[in-house]
Amino acid sequence: EDKQPLQAKLMVQRKSGEGGTAATPDLENSIESAIGGGQSLNENIRKPMEQAFGADFSGVKVHTDGQSDQLNQSIQARAFTTGQDIFFRKGQYDPGSKGGQELLAHELTHVVQQNSGAVQRNTIQCSSLDDYNDPSNPQHDPGSLSEADIQATDEYQYLQQRFFPQQTPGPIAVQELVLACRLALRYIREHQVSLTEAYLETFLPQARRQLAVTSESDAMVGQQMTWIGSGPGSGNTFETWASASSEQAAPPVSSLTTINCWEMILLAAYNAGMVSWQWIHNIYTAHKLDWYSYLVQVLSGSGRVPYQIGDPNTPRPLRGDIVFFDGAAHVALANGVIDSQGRTQIISFWPPPDTSFTLDTTTTPISVAPTLDKVKVTTIEELNQSWTQDYGQPAFNITFATAPW
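Here the numbering used here runs 18 ahead of the position in the sequence shown, where the first position is 1.
Treat the hints with care, as some may be off.
[Unchecked claim] Distance windows between CB atoms, simulated:
1) Thr406 / Gly109: 52 to 58 Å
2) Asp408 / Asp344: 17 to 23 Å
3) Gly247 / Gln91: 52 to 58 Å
4) Thr303 / Pro189: 38 to 44 Å
5) Ala237 / Gly410: 30 to 36 Å
6) Pro412 / Ala304: 24 to 30 Å
7) Gly109 / Trp295: 53 to 59 Å
[To be verified] SDA-like, lysine to any residue: derived pairs with alpha carbons at most 20 Å apart:
8) Lys392 / Leu274
9) Lys394 / Gly247
10) Lys116 / Glu61
Hints in this document: simulated from the structure, not taken from any laboratory.
Glycine included, every Cβ here is placed at the ideal spot set by N, Cα and C.
Could you build the full structure based on these sequences and the hints that come with them?
Given below as structure tokens:
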């Protein structure tokens with residue numbers, strides 16, 4: 019049976035700190051006017067909490083009035099903390115119940131943090147992915163949040179305790195947990211829902227699959243294959259393997275292998291054990307009038323998100339996302355890196371931006387011939403610049419989506 023949805027809780031600080039979002043002036047003023055009010059914790063509540071935390075909570079003030087309720091509603095929270103003042107939404111302060119005690123303990127954790135010098139005041143510190151569920155706020159995009167933002171959420175802590183209860187996660191596990199939370203946040207923002215704990219857990223295997231395919235693709239970087247356009251009936255090495263009547267050995271990563279951009283990604287997914295030959299075979303043997311549009315649909319494990327070149331607030335693809343360049347039928351894989359110039363890196367197998375296409379001058383009109391090239395790390399921006407300036411083509415319509423594995 020699914021558990022109740024993880025709830026939104028906020029911590030408010032006074033100065034932007036790690037993992038926080040700056041409070042608006044209106045919100046700050048409203049909170050400042052309320053500080054000094056509230057009630058002290060009852061002794062029968064305070065003393066057990068002080069013993070549990072090893073802290074002095076005699077200065078803590080609890081706010082449960084109408085203003086506190088309105089403040090929480092304005093930020094879609096059940097409770098939030100600033101300094102030693104805890105503000106509760108109507109009906110949420112219930113220290114006589116187990117859930118109420120857990121919520122109070124959660125907020126007292128923020129009291130300890132904010133009064134230990136670990137963080138400073140005047141920032142809204144989100145402690146749930148639900149707090150970032152505002153598609154109109156580009157700062158809350160899953161690909162824009164810092165790793166510290168993600169690790170501060172209840173969902174990250176839940177997954178860590180659920181899957182690594184007896185140990186501190188190593189670097190690989192942290193990468194998996196962070197990506198799982200980013201994928202979960204994308205789902206929350208796309209569908210405007212809260213996640214049960216059981217459903218949240220499904221994003222960890224998805225994250226592991228995306229990371230596995232990206233690692234396999236990373237291993238291909240710098241290796242040569244021969245690029246050629248493809249699709250059902252093209253007759254290149256990969257298509258011949260994919261369309262065969264039965265599974266054979268997969269094409270090697272070799273200069274003798276003829277393959278295109280999306281086939282490089284499919285080969286990486288197959289070599290990583292994330293898709294079967296039958297799954298690939300079904301794609302290539304599907305009889306579709308617009309096969310490429312069908313392929314894009316199959317490769318989109320979520321709704322496609324537009325990417326706006328030149329917009330610093332554009333949503334960013336996550337590590338392992340599929341990136342589509344409509345206008346050239348090009349497909350690449352995001353590696354989750356933003357370079358020093360703010361450009362989004364991708365793993366790509368396509369001659370641009372640094373290799374010229376080999377041309378077949380014996381055909382009319384002149385056509386593109388097989389082109390020896392390397393799997394490369396480039397950026398969305400560099401590809402678009404090459405396409406528009408070197409080849410005189412219109413700018414790409416770029417979108418990205420969660421991988422389908």
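Open item on the list: Please check whether Pro412 and Ala304 have a Cβ separation lying inside 24 to 30 Å.
Closed with: 29 Å, holds
- [ ] Measure nothing beyond the straight line between the CA atoms of Lys394 and Gly247; if it is 20 Å or shorter, mark the hint as holding.
- [x] Holds, at roughly 17 Å.
TODO: For the range 17 to 23 Å, tell me whether the beta carbons of Asp408 and Asp344 fit it or not.
DONE: 19 Å, holds
Open item on the list: Taking 38 to 44 Å as the stated bounds, is the beta-carbon spacing between Thr303 and Pro189 within them?
Closed with: 41 Å, holds
Task: Cβ distance range 52 to 58 Å for Thr406 and Gly109, holds or violated - done: Since Thr406 and Gly109 have Cβ atoms about 57 Å apart, the given range 52 to 58 Å holds.
Open item on the list: Against the 20 Å threshold, does the CA-CA distance of Lys116 and Glu61 hold or violate the hint?
Closed with: Roughly 18 Å between the alpha carbons, so the hint for Lys116 and Glu61 holds.
Task: Gly109 versus Trp295 beta-carbon gap, inside 53 to 59 Å or not - done: The hint (53 to 59 Å, Cβ to Cβ) holds, given that Gly109 and Trp295 are roughly 56 Å apart.
TODO: Just tell me: holds or violated, for the beta carbon distance of Ala237 and Gly410 against 30 to 36 Å?
DONE: With Cβ atoms ~35 Å apart, the hint holds.
Task: C-beta pair Gly247, Gln91: status relative to the range 52 to 58 Å that was hinted - done: 55 Å, holds
TODO: Would you mind confirming whether the straight-line C-alpha gap from Lys392 to Leu274 stays at or under 20 Å?
DONE: 12 Å, holds
In the structure shown, no violation is registered for any of the earlier numbered hints.
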